[in-house]
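**Q** Each chain is listed here by its residues.
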Amino acid sequence: MTEQAVRVVGLSKQFRIGEKQAGYQTFRDKLTDAAKSMFRRSKSGRKSGTIWALQDVSFEVGQGEVIGIIGRNGAGKSTLLKVLSRITEPTTGYAEIRGRLSSLLEVGTGFHAELTGRENIYLNAAILGMRRKDIGRRFDDIVAFSEVEKFIDTPVKHYSSGMYLRLAFAVAAHLEPDVLLIDEVLAVGDAAFQRKCLGKMGEVAQQGRTVLFVSHDMTAISRLASRTVVLEGGRVAYLGDTSDAIGMYVKEHQSSEEDLELRTDRRGDGVIRLKSFACFDAQGRKVTSVGTGDPVYFSVGYTTKLKGLEPLDFVLDMRFTDVMGHPISTLSTRFSSPVPRGKVESDGLMVCKVESLSLAAEVYGIDLWLAYRGGMSDFVPRAAEMQVVTADYFGTGAEPLIRKHGAALIPHEWFVGSRAMECMPPPANIESPALPPGA
Amino acid sequence: MNSAQISADIQDLRVQRIEPSKGWVSLRLGELWEYRELLYFLTWRDIKIRYKQTVLGATWAIIQPLLTVVVFSIFFGRLGKIPSDGIPYPIFSFTGLVPWTLFVYGLAQSSNSLVGSQNLIKKVYFPRLTIPIASLFAGIVDFLIALAILVIMMVYYAVTPSMNMVWLPFFFLLTLVTSLGVGFWLSALNVEYRDVRFAVPFLTQFWMYATPIAYPSSMLPEPWRTLYGLNPMAGVVEGFRWSLLGSHTQPGPIILASSGVAVIMMVSGAYYFKRMERNFADVV
Ligand SMILES: Nc1ncnc2c1ncn2[C@@H]1O[C@H](COP(=O)(O)OP(=O)(O)OP(=O)(O)O)[C@@H](O)[C@H]1O
Ligand SMILES: [Mg+2]
Chain L
519 MTEQAVRVVG LSKQFRIGEK QAGYQTFRDK LTDAAKSMFR RSKSGRKSGT IWALQDVSFE
579 VGQGEVIGII GRNGAGKSTL LKVLSRITEP TTGYAEIRGR LSSLLEVGTG FHAELTGREN
639 IYLNAAILGM RRKDIGRRFD DIVAFSEVEK FIDTPVKHYS SGMYLRLAFA VAAHLEPDVL
699 LIDEVLAVGD AAFQRKCLGK MGEVAQQGRT VLFVSHDMTA ISRLASRTVV LEGGRVAYLG
759 DTSDAIGMYV KEHQSSEEDL ELRTDRRGDG VIRLKSFACF DAQGRKVTSV GTGDPVYFSV
819 GYTTKLKGLE PLDFVLDMRF TDVMGHPIST LSTRFSSPVP RGKVESDGLM VCKVESLSLA
879 AEVYGIDLWL AYRGGMSDFV PRAAEMQVVT ADYFGTGAEP LIRKHGAALI PHEWFVGSRA
939 MECMPPPANI ESPALPPGA
Chain D
183 MNSAQISADI QDLRVQRIEP SKGWVSLRLG ELWEYRELLY FLTWRDIKIR YKQTVLGATW
243 AIIQPLLTVV VFSIFFGRLG KIPSDGIPYP IFSFTGLVPW TLFVYGLAQS SNSLVGSQNL
303 IKKVYFPRLT IPIASLFAGI VDFLIALAIL VIMMVYYAVT PSMNMVWLPF FFLLTLVTSL
363 GVGFWLSALN VEYRDVRFAV PFLTQFWMYA TPIAYPSSML PEPWRTLYGL NPMAGVVEGF
423 RWSLLGSHTQ PGPIILASSG VAVIMMVSGA YYFKRMERNF ADVV
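So the protein sequences, as listed, match chains L and D.
So the first sequence is numbered by the working numbering: it starts at 519 and just counts up by one.
So the second sequence is numbered by the working numbering: it starts at 183 and just counts up by one.
Worth flagging that the hints you see were computed from the coordinates, not collected in a lab.
There could be a bad hint or two in this list.
[Stated by the list, open to error] With a cut-off of at most 30 Å between alpha-carbon atoms, the simulated BS3-like pairs for lysine-lysine come out as follows:
1. Lys804(L) - Lys823(L)
2. Lys651(L) - Lys230(D)
3. Lys651(L) - Lys234(D)
4. Lys234(D) - Lys304(D)
5. Lys668(L) - Lys304(D)
6. Lys825(L) - Lys793(L)
7. Lys871(L) - Lys793(L)
8. Lys675(L) - Lys304(D)
9. Lys651(L) - Lys718(L)
10. Lys668(L) - Lys234(D)
11. Lys804(L) - Lys871(L)
12. Lys304(D) - Lys651(L)
13. Lys668(L) - Lys230(D)
14. Lys651(L) - Lys714(L)
15. Lys675(L) - Lys234(D)
16. Lys651(L) - Lys668(L)
17. Lys304(D) - Lys714(L)
18. Lys304(D) - Lys718(L)
19. Lys871(L) - Lys825(L)
20. Lys668(L) - Lys714(L)
21. Lys230(D) - Lys675(L)
[To be verified] Here chain D is said to cover these stretches of chain L; the calculated rule only asks that three of the stretch's residues, wherever they fall, bring their Cβ under 8 Å from a Cβ of chain D:
22. 598–605
23. 614–620
24. 633–645
Glycine included, every Cβ here is placed at the ideal spot set by N, Cα and C.
Please build the complete structure, drawing on both the sequences and the hints.
**A** Put into structure tokens, the structure is as follows:
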């Protein structure tokens, strides 16, 4: 036997769609169809209305591994998790799951609205095949984690959607499954709870349990998943290192250029407008993912009706934000060395060169802000996204740098023992300026 | 925990194989047994919801059969002068109504049970058979209430039970088997064909007239009476009368026929259900 926690082999799933899009038919139709077909052979039209939501999907997940699953809407992510949690049968292929599996699929587990929070916890435990007496201590953990103590004896139909989610997540994560499947939980819930969930998922993995999670939030994926599956039209387009997977996914699906003109969520008087944005690496290739510490070139295209624009007349800010929109750092024409004077065309590019991108691995949003003679001309929030992937920033090949170390990287050196004192500046240097000359 | 220990733990874990089921699948009764706690829980849930949501709650379980008996006694007993095997007509018809109420409850609840539990079905795995079973089991509370009323009536009409009474559990079981059989078929059909549920009230009504509740099956001559047993509820109702009221109607053949049909219906229903089960989550 293999030691894999999850083994998926050639899994495919076909759905019937057909004219009866609602999925179910009526018995009356069936009878009339049957009556009709007695007279002429029907072409069995329903068979043609099928789609393959999953096609020949194969991968393996080791025990204790966290696997991310990404892909566009309709790529088959949810279907994959549904097949793995045995909610729906595959059409061909098979999967093997080692141990007990619990899942949180889209919003909410199998809660019953009329039952109280407490009863729903027991219901879900029973569904997992747990006896009432086995729950014991876990019950308190669930209640504590979900922070719904006050409402534990209230029917869940009176819960807010956030509370519902909290309880659902707590139940799925605390019933000590061997394999945990999570589908886009982070879509609902406030920022604090999202962080808490991510933390918990990491913790679950550290206990040697296996986690598969679907998300559109690349930060969450890159923070947690060691490997990632990219699904595309039901097929595995990529499987491997998370940062490569995200890089590939972002590259395929985000046209970071020329779409700024289409953006409508912008503010400003429009005297000068932002037109395009792109990043380039040292070899001049357009990239969407950059290694920590690598050189990078940001190119911003603009357009204006003004003639004879002076470079000093405008200010461009490029602000990096984290997933919550908090500012991390800003590159601005105000900070850097002055741009040479001279006329610039009314349709052009500004390029910002960064020698070494000192940001930890994470997906950053880039806000662009352009002002002309003190007035805001154009502001496009989250004009682009940039994936920073972990790389050997400090040149020591040690610990990979991820967001838990913080976003900013500061070049530094450490000294130990006798060298620790030697490396500091001599005391005299510190004291001398404080003394008035000639005292 | 060292890594060797962890890998030993992994080895201990059971491997679930997920694959398409082919043809007529096995019923996996062992799995159903493993999930007995869930069955208990779902039953309890259905009971709780039933008594919480209806304003009258438990009184409903008393009023409904009692009113039916009053109507039956007036129209069939008094005016229609329908024979009742020498038993006072009210108690004669009520004894038939006791298992019938359970059957109808099971029919109505289980046919819609899968669609009603779709948020569970779409989100978690468990043996789906537990759902129609649980919705029938929830009706046992109503059944027990009705049975208690019957006992009071027996005291009132001074009907002394005979030794036939030891057979009562068997007839109770027969009621369950019959109800499950119909419930499995209807619940699975209702997922696929949503208009099945509209047919249920009609089916219930028709079935009621085809069952010897308001009249005795002894009105029919043999062999027609035994043939009548092909309606499994006929055997159930006659069985209840025989065991509780000690009616001397020799219901043996009719009960035998009914038992056979009930078992066939339940087993075929369970297989049909299992066969349809794989698509439930896709279509509900
Ligand atoms: N029950 C169903 N019946 C018919 N088609 C279905 C059913 N469920 C999913 N599909 C189809 O299968 C495909 C994959 O759907 P799925 O929900 O797995 O996508 P997803 O990757 O989870 O997308 P999203 O990012 O929007 O959640 C879609 O084309 C969808 O329309
Ligand atoms: Mg989805």
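**Q** Look at each hint and say if it fits the structure.
**A** Hint check:
1. Taking the CA atoms of Lys804(L) and Lys823(L), the gap is about 28 Å. The hint holds against a cut of 30 Å.
2. Straight-line distance between C-alpha atoms of Lys651(L) and Lys230(D) comes to about 22 Å, which keeps the hinted pair within the 30 Å bound.
3. Using a Cα cut-off of 30 Å, the hinted pair Lys651(L) and Lys234(D) holds, with the two alpha carbons roughly 27 Å apart.
4. In summary, the hint linking Lys234(D) to Lys304(D) is supported, as the alpha carbons are separated by about 25 Å, within the 30 Å threshold.
5. Between Lys668(L) and Lys304(D) the alpha-carbon distance is near 29 Å, which keeps this suggested pair within the 30 Å criterion.
6. With a C-alpha separation of about 17 Å, the suggested pairing of Lys825(L) with Lys793(L) holds against the 30 Å cut-off.
7. A distance of roughly 19 Å separates the Cα atoms of Lys871(L) and Lys793(L); the hinted pair therefore holds under the 30 Å criterion.
8. Restraint check for Lys675(L) and Lys304(D): the C-alpha separation of about 18 Å stays at or below 30 Å, so the hint holds.
9. A distance of roughly 24 Å separates the Cα atoms of Lys651(L) and Lys718(L); the hinted pair therefore holds under the 30 Å criterion.
10. Proposed proximity of Lys668(L) and Lys234(D) is supported: the alpha carbons are some 22 Å apart, at most 30 Å.
11. Proximity of Lys804(L) to Lys871(L) is assessed by CA-CA distance (about 14 Å); at most 30 Å being required, the pair is judged to hold.
12. Distance restraint check for Lys304(D) and Lys651(L): the Cα-Cα separation of roughly 27 Å lies within the 30 Å cut-off, and the hinted pair is therefore satisfied.
13. Between Lys668(L) and Lys230(D) the alpha-carbon distance is near 22 Å, which keeps this suggested pair within the 30 Å criterion.
14. This hinted pair checks out: Lys651(L) and Lys714(L) have alpha carbons roughly 28 Å apart, not beyond 30 Å.
15. Restraint check for Lys675(L) and Lys234(D): satisfied, since their Cα atoms lie roughly 14 Å apart, inside the 30 Å limit.
16. Between Lys651(L) and Lys668(L) the alpha-carbon distance is near 23 Å, which keeps this suggested pair within the 30 Å criterion.
17. Note on Lys304(D) and Lys714(L): the hinted pairing holds, with a Cα-Cα distance of about 26 Å set against a maximum of 30 Å.
18. Proximity of Lys304(D) to Lys718(L) is assessed by CA-CA distance (about 25 Å); at most 30 Å being required, the pair is judged to hold.
19. This hinted pair checks out: Lys871(L) and Lys825(L) have alpha carbons roughly 27 Å apart, not beyond 30 Å.
20. This hinted pair checks out: Lys668(L) and Lys714(L) have alpha carbons roughly 20 Å apart, not beyond 30 Å.
21. For the given pair, Lys230(D) sits about 15 Å from Lys675(L) by alpha-carbon distance, which is consistent with the 30 Å threshold.
22. Against chain D, the stretch 598–605 of chain L contributes 6 residues with a C-beta closer than 8 Å to a partner C-beta. That satisfies the three-residue criterion, and the hint holds.
23. Check on the stretch 614–620 of chain L: 6 of its residues sit with their Cβ under 8 Å from a Cβ of chain D, so the three-residue criterion for coverage holds.
24. Interface restraint, the stretch 633–645 of chain L with chain D: holds (7 residues with C-beta to C-beta distance below 8 Å; minimum three).
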